[in-house]
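Engineer: Residue numbers (the numbering used here), protein chains in the order written: chain X, 1 to 149; chain G, 1001 to 1667; chain L, 2001 to 2266; chain E, 3001 to 3341.
These aren't lab readings, by the way, just hints derived from the structure by calculation.
From the three backbone atoms N, C-alpha and C, an ideal C-beta is built for every residue, glycine too.
Just to be clear, a hint being listed does not mean it is correct.
[What the hints assert, rightly or not] Example chain G residues on the side facing chain L (calculated, C-beta under 8 angstroms, incomplete):
id, residue
1, Cys1246
2, Val1593
3, Leu1597
4, Thr1601
5, Lys1622
6, Arg1642
7, Lys1644
8, Asp1654
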Amino acid sequence: MAEFEPKIVAFVCNWCTYAGADLTGTSRIKYASNVRIIRFPCTGRIDYMLLIKAFDEGADGIIVSGCHPNDCHYTSGNFHARRRWIMFRDLCNLMGIDMQRIKFSWVSAAEGAKWAEVVNSTVTDIRALGPYEEYRRILNHHSKEVTNG
Amino acid sequence: MSKIGVFVCHCGENISATVDCEKVAQVAGGYDGVVHSIDYKYMCSDPGQSLIKAAIAEKGLTGVVVASCSPRMHEPTFRKACAEAGLNPFMCEMANLREHCSWVHEKGEATTEKAIDLVRTLVEKVKKNNSLDSIKVPVTKTALVIGGGIAGIQASLDIANTGHKVILVEKEASIGGHMSQLSETFPTLDCSQCILTPRMVEVAQHPNITLYTYAELESLEGFIGNFKARIRRKSKSLDEKLCTGCGTCITKCPVKKIPSEFNEKLGNRTAIYVPFPQAVPNKPVIDREHCTYYIKGKCKVCEIVCPTKAIRFDQEDQIVEHEIGAIVLATGFSVKQPDFFPEYGYGKYPDVITGLQYERLASASGPTLGEIKRPSDGKIPEKIVFIACAGSRDPAKGIPYCSKICCMYTAKHAMLYQHKVHGGKSYVFYMDIRAGGKDYEEFVRRAIEEDGVNYIRGRVSKIYEKNGKLIVKGADTLLGAMPVEIEADMVVLASAGVANEGSETLAQKLHVSYDAYHFFAEAHPKLKPVETNTAGIFLAGACQAPKDIPESVAMASGAAVKVAALFSQDELTREPLIAAVNRQPAPVYSICVGCGLCISTCPYQAIGWEEIKTRNGELIKKIAKVNPGLCQGCGTCVAFCRTKAIDIQGYTHDQVYSEVMALLNEY
Amino acid sequence: MDELKNKVRELLGSGTVKVFIGYTTGTAGTKRALFAEKPEDAEGLVFDSSCIQNLAVYVTKQEVKEKGMMGISATLPVMRSLVQLARENQVSDSGIKVIGITPESRLIDFGNLSEVEKYIHQFQLEIDQKNRDMLEKLDKMTVSERWQFWLKELEPCFKCYACRAACPMCYCHRCTVEYNQPQWIPVPSHASGNLQWHIMRAVHLVGRCIDCDACANACPLAIPFNLLNKRMIEDARKHFGGYQPVLSGDHLMSTFKPDDKENFIR
Amino acid sequence: MNIEKRFIRKDSLKKLFDALVAKNKVVYAPVTRNGKTSFRIVNDFSLISGDYIQTTQSSKEVTFPRTEKILDFEKNKDGIGVKPVDIQPVHESVIWGIRPCDAVGKGELGAIFNWDSKDEIFNARVAKTTLISFSCSRADEYCFCTSVGGNPGNTEGSDILLTLAGEGGDYLAEIITEKGGAVMAAAPELFEKDPGIEKDKYLASLPARFSHTEIRNKLDKFFESEEWARQSLRCIGCGACAYVCPTCACFDIQDESHGKSGSRVRCWDSCGFSLFTLHTSGHNPREVQSQRWRQRIMHKFSYMPERLSVYGCTGCGRCSRGCPVDMNLLEHLISIQEVTV
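Please construct the entire structure, taking both the sequences and the accompanying hints into account.
Structural biologist: Next comes the structure, spelled out in structure tokens:
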């Protein structure tokens, strides 16, 4: 049987991680092809609901990545983002959303190799966890009779 | 109903080698609203761009997705092409099939699948894009040049000569930088100071240049064309207007044994000093760390002897503010102190010195007036060993890169030794000789063939002292790694060129990115070597990577042209990708409830208040308002607003939401 | 009791206050809001420990505001809400007169909101032991067990939004659930719709919830979703030293510290 | 068919329940959780709550689910393919232990779902649902069925009505419809001969508090009354009253799609929400809560009787019990009756 190929969405900032991922490319460093990047101006722009939406649309894992502290192109967008993540993670964790499926990282424009490493380790971890069946199961809400179930 | 065109680029083989571009184009062609989908070898080429323009004209495209390289590379190219064809440039998006896909994955199904997903995502995004007009902002036609070495000097002069104002900031007491420390320069052996000092003077006298020595950048705000720089002018304890530079104070200063930085500690200076005789400005500063008055509270000899009463002990640092349009970073580099080579005994044996120290020995204005005398006892060395790559190209020492200049200056050093010490013997241990550059290879050959410098290919394993001699143990790899042992009188280490102390702090002040070795990062390794990722900030010289003089000068002139081009416009257009607070007709007016919590999230204090009033002036509602002049488009407020009352062009709620949907669903 | 009635008669009589928001006795001895507009209305006012509705919810209600200067009998939670609402520019001294009621049922005639602010700052914003234990119990579960717990608890939720309507901090004219381009939160009440609604609600209240439990008391189905808010209060204390409503200055989530923890970021 | 009276012994009740489950009917019965009693699918008689005056929610969710798929759609080459929901798999279900006021609600709901076009899905569910009601031996201050034409032992709408006959715990069973007959047929031995129980003496006494006809006539002239604003000032505009109500039938239509396919669902909505009537233009004909509150009362006590000749209220009192701010319907109706226009 073929190995499980997780669907992973990466929410990254334009200035550091997106550029870092470009560097991974220019350096021809190979990594797993499971990840698709969505570009944001800054981690500060990344709406927490989008992460939930990703799971709601069937993602198995999520990467959120931006500039290292002090490196933010907008001075403090990443600091604001970090504080939001702290609370958001605790909330999701309490709600039983598996935080092992959301990986946060700082990847600078110079860290092409780190990006590859972040992606690969994420893919390995999510493979180990398997498909996010638990969440998928709540998605087929219309396929059954709501009350006669 | 949107009419989207998808243009899949092969990028020669770069994309098509691992991605089935035809399939990508064909699948994309099936998506809702996609009316045109093709693949082509080089989309960025003229014929490629023509394909896009033609399709816009013929099919009346409302949006374009170019699936090729990173938008960071060619977004401007393709947006321009769209604009030329009459489509709003902001209706063009790029799917990154090269850097994020073909270059990082193996050929196969999965890679093509990913490419398709990326294209679909951008197709759905572009459907939600809005036509936008660029924002016009005024340009302050004054440049700030940071660093007064040869690169900074060149950039300043070039900009000033185009008729624009320049503020040149140098942290030392004099401009000139490392070049002023050098003796002769390769490959022509002309005297460094002879060619540099006239330029230094020109800077000092240029009507368009304001020179701040002994000064540093305190902070920077704003954006291209509209920066505000705060500069700290450290106190020189001197009224420069009164000082004539006569130098009496220096001769009379009782503190005379301070190791001179300019002479790389091979000579001494006084507490009140000018770094070197040809310094610009040629006026002293008091080094408060060593000055007796500042330590003990008495002395003031300089004040007494000064004929013009120019000494100011109570002078304080001064902060000056300037409106700036563009910035050239020319902060240069440092030499790695080779003390991380214990086996070479630097610091332990006085006669093991760095290349830069050797420059001072060889310099006519140096502590030995140009005679090669060894530091320990002033004897002229009969045998001298030069070690190239002291640190460079040595991952174990944390410097995997090549410092580039060492091969040449080592050859120069050996050559100068042979010229100055007749009958002397010189040896060069090297890994490879990198002499790319006009007349460079010839120069090295001359050292070997005409001046009889002995080149030994191999590394030195150990240096130790034995009855007054430095025993250099190495191997000659060309003779089958035969052990070599040389009894030298002096050893010169060509230690690696590294980024300045604190360069990353400066980068953070300016919001420019820097590489793993803390050298400032260029916007593109090939096509934007003098630009940074931050618009309006440019790079010159060795602050980007180690460079020799001609390269630094060329880069400086390059940066100067970029600045001049910027200053040739009275207004520049800024990408209108900024935030705005929702407004709509009565009775709602805006879904903003005016909680004002967004105000403190904004890193630019760009959010303020707006009062919505009736015709007769009664307040209906107080809501947040984004100042488009200040907003930089980070979107931190957008993700924070509970009612989604703030949105940001280019990354609207609708756009990013559609992207997530499209990424994870079949269409 | 009479002290309160007299105070309100006086306020309404003198016209300093146009409408006074207090409690009165409702069906089967329950307590509910009373809007006294004439001095004689004050007769209906009552106060005891069963007065738990957070009356601050009414100070942002258009129909109430239109009546003019408001007065309100404010227990500690109500006072906290009022200060937070003032911080968010929804109420100000020119619009409200606060008559505080201490835990010992003592009346405090506050001159202005900064006096209210000073008063509430004598008390820590901390969740009670019972809920702390409940959260601990949840923490001991595995992630999947918590997931199952919430699926079961949230299943009955039919999205009547009583929790939102009863919360003084949910005063937005257009809540995110009503945002349909894009449709952030599914309208129907099904597993994922309910999950997303309660996550969103909890996040929007981080640093703003003052733990009055109005939401939970309002829920006709007794769903314990206020545990989410309580966890956020706990964590705000754990990570950032907690928060208190303030009239001005930084809001917990619209600021940051350079040394906020980041052990979860690679 | 005219009502047939039988006698069921205390211990036969469980047997009857088990018989129904055995006939693999889906049985909904009142279960108490977190202090709230609501109808849930039950297979184990012991789980059924006996001690409740009224369930928090009505049983309407069985025939009118809060979220219900009405069709599937999928994008294809020729446009969009639509697949209506298949009503065949709807289970045969029994609602056990509902109150007469709820049973009446079935008819009022039916009137709305059939006043012009007939709602197939709803009707299919109703057709397959049997109501085994329990008459009320107790009432609380929220109950007012008698004021809207009902009573604690009302047989209207039920298929079988069980009345607890005193301390003994035996029941009088009234078999009202054929569906009821079918239930009896499932375990005939449990339905003994009626010893002549006087039903009324076991029913809760609940004098009428107002006259619904009077209210209806009053409302014709009441539209502009100040009373609405006075009553609704404390209303916080949630949808609890509508969602627990046995006759509220308003729903919203939502398309939920994931990529190229999706479903159209209908889900409960409430006239109490400020967005209920919000126009795209931003204009809202019912801008303030008083207008929404008025709509709620008018619809139930004026418009429905006028158009559908049924009232939109069974007097179950759920809206008042469930209201977070004690908007007591009975109290407000009485005051409407009392105020002079």
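Engineer: Each of the hints needs a verdict: does it hold here or not?
Structural biologist: Taking the hints in turn, this is what the structure says about them:
| no. | hint | verdict |
| --- | --- | --- |
| 1 | Cys1246 | violated (49 angstroms) |
| 2 | Val1593 | holds (5 angstroms) |
| 3 | Leu1597 | holds (5 angstroms) |
| 4 | Thr1601 | holds (4 angstroms) |
| 5 | Lys1622 | holds (7 angstroms) |
| 6 | Arg1642 | holds (5 angstroms) |
| 7 | Lys1644 | holds (5 angstroms) |
| 8 | Asp1654 | holds (6 angstroms) |
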